[in-house]
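Chains as they are written, first to last, in this note's numbering: chain L, 1 to 234; chain H, 1 to 234; chain Z, 1 to 234; chain V, 1 to 234.
Please keep in mind that the hints were generated in silico from the structure rather than gathered at the bench.
A few of these clues could be false.
Identical copies look the same in the list; a pair holds intra-copy or inter-copy alike.
[As the list claims (entries may be wrong)] Straight-line C-alpha distance at most 20 Å; calculated EDC-like pairs for lysine to aspartate or glutamate:
1) K218 - E143
2) K218 - E137
3) K223 - D90
4) K223 - E143
5) K218 - D121
6) K223 - E137
7) K218 - D141
8) K218 - D148
9) K223 - D141
10) K223 - D121
11) K223 - E163
12) K218 - E163
Protein chains: 4
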Amino acid sequence: MEHADLREQVLEANLALGRAGLVVLTFGNASAVDGAAGVVAIKPSGVAYDRLTAAEVAVVDLETGAVVAGETRPSSDTPTHLALYRAWHDVGGVAHTHSAFATAWAQARREIPCYGTTHADHFAGAVPVTRALTAGEIGGDYERATGDVIVETFATLGLAPLEVPAVLVASHGPFTWGASVASAVENAVALEAVAAGAYRSVALTGELETIAAELHEKHFSRKHGASAYYGQPA
Amino acid sequence: MEHADLREQVLEANLALGRAGLVVLTFGNASAVDGAAGVVAIKPSGVAYDRLTAAEVAVVDLETGAVVAGETRPSSDTPTHLALYRAWHDVGGVAHTHSAFATAWAQARREIPCYGTTHADHFAGAVPVTRALTAGEIGGDYERATGDVIVETFATLGLAPLEVPAVLVASHGPFTWGASVASAVENAVALEAVAAGAYRSVALTGELETIAAELHEKHFSRKHGASAYYGQPA
Amino acid sequence: MEHADLREQVLEANLALGRAGLVVLTFGNASAVDGAAGVVAIKPSGVAYDRLTAAEVAVVDLETGAVVAGETRPSSDTPTHLALYRAWHDVGGVAHTHSAFATAWAQARREIPCYGTTHADHFAGAVPVTRALTAGEIGGDYERATGDVIVETFATLGLAPLEVPAVLVASHGPFTWGASVASAVENAVALEAVAAGAYRSVALTGELETIAAELHEKHFSRKHGASAYYGQPA
Amino acid sequence: MEHADLREQVLEANLALGRAGLVVLTFGNASAVDGAAGVVAIKPSGVAYDRLTAAEVAVVDLETGAVVAGETRPSSDTPTHLALYRAWHDVGGVAHTHSAFATAWAQARREIPCYGTTHADHFAGAVPVTRALTAGEIGGDYERATGDVIVETFATLGLAPLEVPAVLVASHGPFTWGASVASAVENAVALEAVAAGAYRSVALTGELETIAAELHEKHFSRKHGASAYYGQPA
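This is chain L alone, in the form it adopts within the complex:
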């Protein structure tokens, strides 16, 4: 099997999304890039999670999106994933779900403010929401435009993708990413917990201030960057 390692990682990541309760039916997909080979492995379109095999994982060209290995039609969201990989070279994997609470925030078209250290552990700031797509973008190359508006959002806000590895696409749902596809899935799990916690915190208080900048910085830097001391030594 060509690109066997990449496809196995993508298979495992898609199965992990299912086990974590982040997807129902065939919603959602995860992918990984091999920048040197110029290819992306991604879930096939509309295949049930419990029947997925590594051989069914589609492999497409990073630049053109053409299928280069596998017998399946890749996820219809493939152009969104490709747009992210082409813009952000430090991203190794992307995950997309319609997870319950993150999708509620996306549908409400509200960013998720940082209300606690669970958020700060994973995301260096608020999880942003994109602008709505225009009628022209929707009628044109829609899935690519979805990726482009994510990249635009991060450029406009001056955010580094690996510091805030998640976005809410307005009226749609979350995308997360990471240095690897396993990290992208982990960020999808963390985002859903953060979205649920923020939803309930707002319900309890109406209005709520975000946490102190010092506390946010402290928790993010415990887990990320040169001064991190969370987890086992590499």
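With chain L's structure known, arrange chains H, Z and V on it following the hints.
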């Protein structure tokens, strides 16, 4: 066993409702029609899901509702299913649940507006709610009247059943359908996710606009009709 | 083992409460009465569900509460169960849980109005909430007073226990019952679904009218009494 | 294996947190102290629950925090646990989670008032919330400061740790404890049920009075202290 294929499909569909967490106790039922044979197979009344067998699936006459195969009493909701099959010839299966969030919308007597692409992927417009039944309808052939009011709702709103394959019966709960009973179950799963997402979106925002018509049309047509490109080629 | 049948029924009922997700830790208990023998079998106090055996089920005297079989100390809520059995001779089993949504209504000290047919299928009217216990009742024979205030609530409201087989004890949680302990457990499951549905219906609408009396009566009588036609013939 | 018993208890407690659904990813940790030996066993940092073994449980010095057994880096929250053990000599185990509803209250920076007997069974009063940490505390020995502010909260409110064995750290999440680490885990489970019930009670009523002092005292003393009569005789 007579009508073995139809009964196996209905058995599997009812078990799938249970596995998806859409039913508690013996609430809910799924059926499938064989239009050529003029029969409908449906869950027996009040039998626990974990003990159900294909031989216990009841088979009734599409026109009269008389039992034509099986030793069991069919679901008390059978006349509702029959009314839908007689009115809508492109419908092959029907599912009824008291799933948690869809039932909350039905009890609140509110249609579910389209707040995101999860909704647009499955339903071409808002999921409608029926009017309340009259005292005369409740006191007469109640279950048939429930089917008739669903058909009336779609006629009044000018909706095509397979474009919006779900309804909320006021003060009761959801019915879904599809070209097959498997599709009816899939729509029941999608409806519950959509109902939960809409509930939480409203909680976050109070008032919320529905999504752009272009976005709704784009997502529905990705999965349905001549220009669909979601899923694997048939 | 003395009263083996009764104890097996009570064991199975307690395990069913656990499987249905209605109890955490050692909260909750179920019991059954043998009126002819003048005994009640009930869960032992503070024993984890996953280790419970029929031999550990306590058997107590219906009138005095004295242990007549079994090596265990009976549930501390035993006097509440006994008060119900002594007042209501058609009740064969009682279940008590701290299930999530029913307990929220009990803590809010609000009855659960009938907002849909799921409710009407099981309960012939609103699920009532008791008055608060007085300081004297709390300081005296507290658990018996809890049973007495349930009986008082039904007498004051003129309710028949088997027509509304559930109550919310103010600031505490739900008790349910039935002709058998299996029916008491089924009503505990139904009550939790009804409580969750009502909670979400109120959240969607603020204020909400109860369903039409005709619809309530129709659904209750489909499942209960001489004209019932739900389920299989006995 | 040194301190084998202590490490086995800590392993089992951490696994129990996972089974109870109180942790996602690698959030959360539990520890136990051996006061005579002057050591604390605690979950290693950032290790997945499903792979954890007793040999990986870290053992640290109660006073200095230095690792005295085990090859792993202890949880980054270790200084918080140590601060509690050094201040409170009757505490044998501590658990920390980011459980969904307790974390929502912590993020909302609200104490959990006592709204029912589930609360009263486990906590002799409201579950308090700490003040926010200062920028200086966050920039200094942050995790130790987290422990110190918990101890300060209990001193200021005049609370006995084993009477209210839980706290909400503002903008962070819950810590619970007990005479043993198994009891600390049980209190974490109870706290999450209490937090969820209180959240929903407030949602139903807006404002809600706490329960009568007599009822609170009655339920707490049923399970705790000299007059307890819940559970089996020791």
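- [ ] Could you work out which earlier hints the structure fails to respect and list their numbers in ascending sequence?
- [x] none
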